[in-house]
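*Asks:* Residue numbers (the working numbering), protein chains in the order written: chain D, 1 to 114; chain R, 1001 to 1111.
One or more hints might be untrue.
[Stated by the list, open to error] Once the Cα atoms are required to be at most 25 Å apart in a straight line, the calculated PhoX-like pairs of lysine-lysine come out as:
id	chain 1	residue 1	chain 2	residue 2
1	R	Lys1058	R	Lys1071
2	D	Lys22	R	Lys1042
3	R	Lys1058	R	Lys1022
4	R	Lys1042	D	Lys13
5	R	Lys1068	R	Lys1058
6	R	Lys1068	R	Lys1057
If you are wondering where the hints come from, they were derived from the structure by calculation, not from laboratory data.
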Amino acid sequence: AAGVIQSPRHLIKEKRETATLKCYPIPRHDTVYWYQQGPGQDPQFLISFYEKMQSDKGSIPDRFSAQQFSDYHSELNMSSLELGDSALYFCASSLSGGITDTQYFGPGTRLTVL
Amino acid sequence: GENVEQHPSTLSVQEGDSAVIKCTYSDSASNYFPWYKQELGKRPQLIIDIRSNVGEKKDQRIAVTLNKTAKHFSLHITETQPEDSAVYFCAATLYGQNFVFGPGTRLSVLP
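Given only the sequences and the hints, what does the whole structure look like? Please build it.
*Replies:* Here is the structure:
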């Protein structure tokens, strides 16, 4: 079965640079969530989109923005990168109102800021 | 907002023994409680979930119990195997909302 796809899998950036992370949800899933996971920590919710509209916002810095496109893929744009932004970034997708309504995680993008 | 606590933070068991991880949540409106297993550097993988209208759910060696009144839920793994070693996260949410994860439990199954 198709899963959530994220690209790139690994990304190395310098401080103050920008980065764009992409997420392709499971086909027919209409909701996308972004989580940030630091070393040894639990995933922290950043932002979510339902039907291309922002549905909820968590601890996402103002330097970050995200959107969901007409094909339901989502991009997380990160500017003025800081050392503390180094983390695993997971995208998850779900089908709202579906039988399980659970979230399925992508493989993650490991961002390293030098 | 929702707050999820999880205990213990680390757990070591002998192969074949049972493991129990407990979580408490604060928001009585939460109605969906998934458990994820995460191996180092990999994605969280859903292993079992439970909705608020159910008290217990079992899937082979894994079971989850929910006490809505006390606002806690537990993961039970029986006949543990070395491949069960991983970090386990509980989460609580209202349908369609973001997950609030517990801090995780590192389970080590010793051969």
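*Asks:* State for each hint whether it applies.
*Replies:* Here is how each hint holds up against the structure:
1. Taken as a hint, the Lys1058 (chain R) and Lys1071 (chain R) pair is honoured in the structure, with Cα atoms around 19 Å apart against an allowance of 25 Å.
2. Between Lys22 (chain D) and Lys1042 (chain R) the CA atoms are separated by roughly 17 Å; this keeps the pair inside 25 Å, and the hint holds.
3. Taking the CA atoms of Lys1058 (chain R) and Lys1022 (chain R), the gap is about 16 Å. The hint holds against a cut of 25 Å.
4. Distance restraint check for Lys1042 (chain R) and Lys13 (chain D): the Cα-Cα separation of roughly 21 Å lies within the 25 Å cut-off, and the hinted pair is therefore satisfied.
5. Under the criterion of a C-alpha separation no larger than 25 Å, the hint pairing Lys1068 (chain R) with Lys1058 (chain R) is consistent with the structure, at around 18 Å.
6. Distance check on the hinted pair: Lys1068 (chain R) and Lys1057 (chain R) sit about 14 Å apart at the alpha-carbon level, within 25 Å; holds.
Taken one by one, the earlier hints all hold for this structure without exception.
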